[in-house]
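Assemble chain V onto chain Z, guided by the hints.
Top line first, the protein sequences correspond to chains Z and V. Each residue of the first sequence is one higher than the last, beginning at 1 in this note's numbering. Each residue of the second sequence is one higher than the last, beginning at 1001 in this note's numbering.
Think of the hints as simulated: they come from the structure by calculation, not from any bench. Treat the hints with care, since some could be wrong.
Claimed, not checked - Covered stretches of chain V (in silico footprint by chain Z; criterion: 3 or more residues with CB under 8 Å from a CB of chain Z, positions within the stretch not fixed): (1) 1305-1316; (2) 1370-1384; (3) 1402-1412; (4) 1418-1427.
Stated by the list, open to error - Sample of chain V residues lacking proximity to chain Z, with all beta carbon distances greater than 10 Å (derived): (5) Met1031; (6) Ser1042; (7) Glu1096; (8) Glu1103; (9) Gly1148; (10) Asn1219; (11) Glu1230; (12) Gly1254; (13) Gly1271; (14) Asp1290; (15) Asp1342; (16) Gly1343; (17) Pro1347; (18) Asn1437.
What the hints assert, rightly or not - Restraint-style ranges between C-beta atoms, simulated for each label pair: (19) Z:Val37 - V:Arg1233: 29 to 39 Å; (20) Z:Glu92 - V:Glu1349: 54 to 64 Å; (21) V:Gly1254 - Z:Asp100: 27 to 37 Å.
Computed from a predicted model, the values in this text were never measured in an experiment. All residues carry an ideal CB built from backbone N, CA and C; glycine is no exception.
Here's the letter readout for the chains.
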Amino acid sequence: MKPLHVILLAGLLGGVGTGCGTARRGAAVTEPQQQTVQVRLGERVFDATCNGCHPGGTAGIGVALNNKPLPGWLIRFQVRNGVGAMPAFSEEAVSAAELDALVAYLQWLRRLDPRDEALDPSE
Amino acid sequence: MPFALRTALALLLVASLAGCFRLLPTKGGGMTEFGGPRRVDSADVVLPAGYRIEAVATGLAFPTGVAFDDDGRAYVTEAGYSYGGFSSTPRLLRVESDGRTTEVAVGDNPPWNGVAFYPGSGPGQAGAFFVAGGHERPGQVLRITPDGETTVLVDGLPSLGDHHTNGPAVGPDGWLYFGQGTATNAGVVGLDNFAFGWAQEHPDFHDTPCRDVTLAGLNRTTPNPLTPDEGDRATTGAFVPFGTSTEAGQVIPGALPCSGAVMRVRPDGSGLELVAWGFRNPFGLAFAPDGALYVTENQYDVRGSRPVFGTGDLLWRVEPQPETIPWYGWPDFWGGVPLSEDGFEAPGERAPGTVLQEAPGHPPRPVVVLGVHASANGLDVSREVAFGYEGDAFVAEFGDMAPGTGKVLAPIGYRVVRVDVEAGTVHEFAANKGETNGPASWLGTGGLERPVAVRFSPDGRALYVVDFGVMTIGEQGPEPRPGTGVLWRITLDGGTP
Chain Z
1 MKPLHVILLA GLLGGVGTGC GTARRGAAVT EPQQQTVQVR LGERVFDATC NGCHPGGTAG
61 IGVALNNKPL PGWLIRFQVR NGVGAMPAFS EEAVSAAELD ALVAYLQWLR RLDPRDEALD
121 PSE
Chain V
1001 MPFALRTALA LLLVASLAGC FRLLPTKGGG MTEFGGPRRV DSADVVLPAG YRIEAVATGL
1061 AFPTGVAFDD DGRAYVTEAG YSYGGFSSTP RLLRVESDGR TTEVAVGDNP PWNGVAFYPG
1121 SGPGQAGAFF VAGGHERPGQ VLRITPDGET TVLVDGLPSL GDHHTNGPAV GPDGWLYFGQ
1181 GTATNAGVVG LDNFAFGWAQ EHPDFHDTPC RDVTLAGLNR TTPNPLTPDE GDRATTGAFV
1241 PFGTSTEAGQ VIPGALPCSG AVMRVRPDGS GLELVAWGFR NPFGLAFAPD GALYVTENQY
1301 DVRGSRPVFG TGDLLWRVEP QPETIPWYGW PDFWGGVPLS EDGFEAPGER APGTVLQEAP
1361 GHPPRPVVVL GVHASANGLD VSREVAFGYE GDAFVAEFGD MAPGTGKVLA PIGYRVVRVD
1421 VEAGTVHEFA ANKGETNGPA SWLGTGGLER PVAVRFSPDG RALYVVDFGV MTIGEQGPEP
1481 RPGTGVLWRI TLDGGTP
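Excised from the complex, chain Z in its bound form (with noise of 0.2 Å):
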C-alpha cells in the first residue's frame, strides 16, 4: 500500500472514529466575556437554527461540534447542502453573513473549556 493510501485509510478511520465517537466535550457553564460581535451574532444563528441537534455545541441527536476540526470552508458546505440526517439550510433560513458569523462562533466554541474548568466571567 502506497503511503498516502496509509494516510488516507488512517484519515477515514480517524474521521469515523472522531466524527461519529461518541466523545464529546460538556458545555461551558460560564462563558468568557470577550466575544466580537460576529461571535455573538453566530451564536444567535446557533441558538435559533442548530441547537436543537447541537445542544451548545455537544452532542445531541447530532454529533458533537466543539470537538470537530472542520475548516470554516467546509462548515459551510455542510450547513449549505446537509449531511446524513441533518438538513440543508438554504441562504432564506441563514444568509451568508449569518453563515460567517455562525463558523465564526463554531470556531470560538471549540476553544472553550469543558463545563468543569469553567472560566471566570471576570477574567
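Leaving out everything else, chain V in the frame of chain Z:
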C-alpha cells in the same frame, strides 16, 4: 500538512459524519442501571463562578413543582404518577426549615404537574395554592388553602392522553393561566398511545382543536389492537378517535376547553378563556417582570403514526391578544417552520405530511430552540440583582426518554439552562460535572437527576430546582424510582434567602 491532504482528510471527516446517525447506537441518559439508594452531593454540580447549590429536601416521590406561601415557606407537589406505570396519591407538602416535609393535602387524580401560589390580599385574606393536573380522570385545576382545604376550580379538561394539564401561573392581571397538552404526538391516535395505556382505556379520546380546522385528509393505517384478530387493520385520521378515517375538506369543530393550548380562568374558576393554541405540550408557564408570558413547549417525538424528527423543544414569548388568539403551529409547524419542509422525516420513517388543509395562522418564531427531546419543562424569570441575570429565563430540562421518544447520540437535558431572552441565546447554568452530559445515575455521581421545575423564592435571591428523581429507561420502558426526588436551592455568593 499539505493543503490537498488536509482537504482530503476534511472531506473524509464529513463523509464519515454523513452516516453517524444511522451507525451509532441510541444512548439516552436513562439507559443505565440504578441500584439505589440515590446519592445526593452538591459538589457534583457545576455552576457559574460565585453560585452554589445545596439540597433542601430529599426522598421526595416524583416532585413536580414548588411554590411559596405568604410567609415565604416552600411547598412542593408530588405527582402521584410517573410514566412507566407508577400511580399513587398526589400530595402537596410543606418543606420545613430542617428539610422534613409535612403533608398538607392529598388528591385522587394524578399527576399533579405543577403548583403556583396566589398571594393573600391582606390580614385575614390568606392566599392559596393552585395545582394543575389529572390523567386518570379529565384534567383539573385545584385550589388548595395552606391548611389543606381543596376545591376543584376547573374540571373536564382534555387530559386523558399523552400529555396533561400543566402550569399554572398567576398573571399580572390576576387571572390564573394554565397549559393543556395534546392527546397525541402529532394529531393521529396510533399504536404509541396504546403503548402508553390510555388508548385502550379511552378508545374514543382524541385531540380537540380550539377553533374550527379543515383537514387535508391525512390518514394512517396500522394494526388494530382493539380487535382480537391479529391481521385486522385500522385507518385513522387527525383529531378523530382511533380507527376513524378523515377526508380532505372535512371540518373539525373547535371547542373550549381544547388540546394543546394555554387557557386562563379567574381565581374563582369562572370565565374560562383561550389565550393561545397550536402547542403540543405547553408545560412551563411564567410571567416576566415586564408582564410577558413565557411558555416552554415539549416538541414532537419520533413515534406513532406520524413521527417527526429533529424538533427541539421551544421557549415562546406569548403575546395575549384577546381579539386574535395566536396559533403556534401544532400539528403542522415547528418553531414557525412547516413540517412539509426537509429535515422532519426521521431516517427510515415516513414523512409527517400535512394535517390541515389551511393553516389557521402564521406561527411566530420562538425565543430560542432547546435540545431535541430535552423535555424543557418548568421555568421562571430572574427579577433580583442579588441573584443576577435579571430578565433572563431559567428552564429545567427533564432529560430525554430515549429510545421511546426517538434516537439520541448522547444524553440530552438533565440540567438547568439560562436563556437571555433579549439576545435569544442559551447558556448552561446548572449541570453535572464531567466531560459528558447526563443524569447523575448515568454518570455515577450525586448530582442532578431530572430537573422538572424551577422557581425563584419570593425575594428573588434563590432559585429552587425541583428534581423529579431517578427514572431509568429499560427494555419495557420507563422505570421510575419513587423516593429519589430532591429539592435543590441555588444562591449567589453563598448567601441564603
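How the hints compare with the structure:
no.	hint	in the structure
1	1305-1316	holds (count 5)
2	1370-1384	holds (count 5)
3	1402-1412	holds (count 6)
4	1418-1427	holds (count 5)
5	Met1031	13 Å, holds
6	Ser1042	14 Å, holds
7	Glu1096	31 Å, holds
8	Glu1103	36 Å, holds
9	Gly1148	40 Å, holds
10	Asn1219	26 Å, holds
11	Glu1230	33 Å, holds
12	Gly1254	30 Å, holds
13	Gly1271	36 Å, holds
14	Asp1290	20 Å, holds
15	Asp1342	5 Å, violated
16	Gly1343	3 Å, violated
17	Pro1347	6 Å, violated
18	Asn1437	6 Å, violated
19	Z:Val37 - V:Arg1233: 29 to 39 Å	58 Å, violated
20	Z:Glu92 - V:Glu1349: 54 to 64 Å	26 Å, violated
21	V:Gly1254 - Z:Asp100: 27 to 37 Å	45 Å, violated
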